[in-house]
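Residue numbers (the UniProt record's numbering), protein chains in the order written: chain A, 1 to 380; chain B, 1 to 380.
Since the hints were derived computationally from the structure, they do not count as laboratory data. You may find that some hints are simply not true.
When chains are identical, the list treats them as one kind, so a pair holds in a single copy or across two.
[To be verified] Straight-line Cα separation of at most 25 Å, DSS-like style, residue types lysine-lysine; simulated pairs: (1) 178 <-> 36; (2) 320 <-> 232; (3) 360 <-> 320.
Number of protein chains: 2
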Amino acid sequence: MNEILLMLPGPTTADPRVLQAMSKNVVNHRGDEFGKIYTETTELMSKTFQTQNDSYILTGSGTSAMEAALANLVNRGDKVLNIVGGKFGGRFVEIANVHGIESKTLDLEWGTAVSPDQVQEALDADEDIKAVTAVHNETSTGVAAPIDEIGEVMKNYDALYIVDTVSSLGGDYVDVDKFHIDACVTGSQKCLAAPPGLAAITFNDDAWAACEKVEANNYYLNMLKYRASGNKDPAQTPYTPSVSLIYALKAALEVIHEEGLENSVARHHQAAAASRDAVKALNLELFPDEAVSSATVTAVNIPEGATDNDIRGTMLNKYKVQLAGGQDHLKGNIIRIGHMGVINYQELAITFTALGLTLKGLGLVEDAGAGVAALADHYI
Amino acid sequence: MNEILLMLPGPTTADPRVLQAMSKNVVNHRGDEFGKIYTETTELMSKTFQTQNDSYILTGSGTSAMEAALANLVNRGDKVLNIVGGKFGGRFVEIANVHGIESKTLDLEWGTAVSPDQVQEALDADEDIKAVTAVHNETSTGVAAPIDEIGEVMKNYDALYIVDTVSSLGGDYVDVDKFHIDACVTGSQKCLAAPPGLAAITFNDDAWAACEKVEANNYYLNMLKYRASGNKDPAQTPYTPSVSLIYALKAALEVIHEEGLENSVARHHQAAAASRDAVKALNLELFPDEAVSSATVTAVNIPEGATDNDIRGTMLNKYKVQLAGGQDHLKGNIIRIGHMGVINYQELAITFTALGLTLKGLGLVEDAGAGVAALADHYI
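Let the hints inform the model, and build the full structure from the sequences given.
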């Protein structure tokens, strides 16, 4: 326990089995052995996305997959509706701008969630919208979007439904096929609990049909090449993949499916509910409405009389627990507790003990154990 | 020795210390600890590139860095001169096409090297050329380009000099500053002998000046963002990096600099010269002219009376040595022996014993030991 406990919205601590997987020697990425491992990994990804579609692994961060989805599916000059309630929603806008895609934004106050009605209104108001981007779990605000209900709207429109599940997949409910998602992306280092460095992406038939018509201006992130290489025998990637990390991702997905995807999601929801109760028991306020609060990251207002450094600095330096701060205009206003990946009551015990001691040290709570006591409702 | 010996032009077998480095837990990529590791790694990269410029690590394959270099330095509609003598030279043309950059090619017969005079003539013939791309070590043909002599030409022109050293850095002479290279890219999994999944890139001041003026249409591969993030304290990357692989790359670079960069290059040249002699002693012909033959991969014509599978299949299945085949129109015509990374006489002993036995089994040589005997000139 001498290492720093990462309670971040990614990267998360990997299972020792996952790190161990990377000690295997690198094999030829054009050979049968790798082809089998890659296929098994992409099949596990599709199982995790809950889709009948094929999945592909990109050597890159979650952002690379966000760009791959948007830039391969919408033509320069065409219009996309970007739902923006935080930093990652805004990233899709930046990606659209770079690619000459016209971005129309559905702007939300940070800390609130989009409603399906808002999406429907936006689509009804402009029939030129070719795609809608949604971020399932906005880690910058700790808000979860109702991607299932938005899907019920999207199924009635031709616009493609592109969903970023980078920080939710494995930790919150994601059912690509049932939610009518056309393109879904995720990253390796969040709830999947593999090291960072890989992203995964899946397109359905409608997305592929669009992709074939789009004049992409990406070379490395050209999805048609990923599909063509994935269909080769042995299966492969167009460019040299991160072989060691694919070993790790495969091991991490095996860990998830041994636990059971539903159990993993339930465990994340349990940790989120427990964290919210612990935070409130320590006299802190949640940043978002509790009803739309994320299953994988809890955002908390920094109380009056304390600074970001008072809390996060003490947590890190004295108690070896690393939390995340606010991003952009929320910097200094909120702290974010990530509870994703291999997370259970032990990590919460350490975190809320440390937070209780920190707040007590600042004279902001009476009972340093109140946070941990609130875990009782969830773990007894 | 039960594992397959990879004698490929990448990936190469990593030092156990390098694989071991990845067993360390992932740390927060926005924190001090990672900042220090990232800075040490980029400084080791600059030392390896032999440049005073800063270097950056991309989470992606070597191709991602090729795209990052070209697409960040040349505007849509502007003209680039691509030197094309093989598959990777051609890749720069494909990247140019995707980005709307006008590609003018200097086409070489595969297996031959470009001459500096040809580059000079091409530049004199068209003053609109904004950049020249060269592949130092064309793994598809086993040819090394005279990037030092081309640099002597380039220094007299405004056009930027972009060099791909993906499969040469650490194994052949690369001196970015001395060779007047403006932008240089490499990959982790070749002579640097780390696992695949990372690329490195360095720009000099002229390249940055161009970069600031180019309207890039890349989001993930936007180099200005890499520079801005690298300048933060702690140093970081714009998007989540492949933390575990950066541990590995740092360890791999430390291994190289403990040996000494010059010694590492000399060891590769020794292995290349020994391989060429061993091949000839086994009655095989080199594919390229010996004078321009690569320091890191030896390309050999498949002899009459044998197929690719007769040789490479037997080598792999019977003797557990994996060689590469030809690419594109050279498929079935050549085999390629990679000798990059952690390579010494032991690996050549196994490889040329296996090749000798294979050829003897095919009735193509009398003396199965002739290849190994030819190593004598280089390793006694």
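* To do: Could you figure out if residue 178 and residue 36 sit no more than 25 Å apart (CA to CA) within one copy, between two copies, both or neither?
  => So residue 178 and residue 36 fail the 25 Å test inside a copy (28 Å) and across (45 Å) alike.
* **Status of residue 232 relative to residue 320 across identical chains (alpha carbons, at most 25 Å)** => between (47 Å within a copy, 23 Å between copies)
* **Intra/inter-copy verdict for residue 360 and residue 320 if alpha-carbon distance must be at most 25 Å** => For residue 360 and residue 320, only the intra-copy Cα distance (17 Å) is at most 25 Å; the inter-copy one is 64 Å.
The structure does not agree with numbered hint 1 stated previously, though it agrees with all others.
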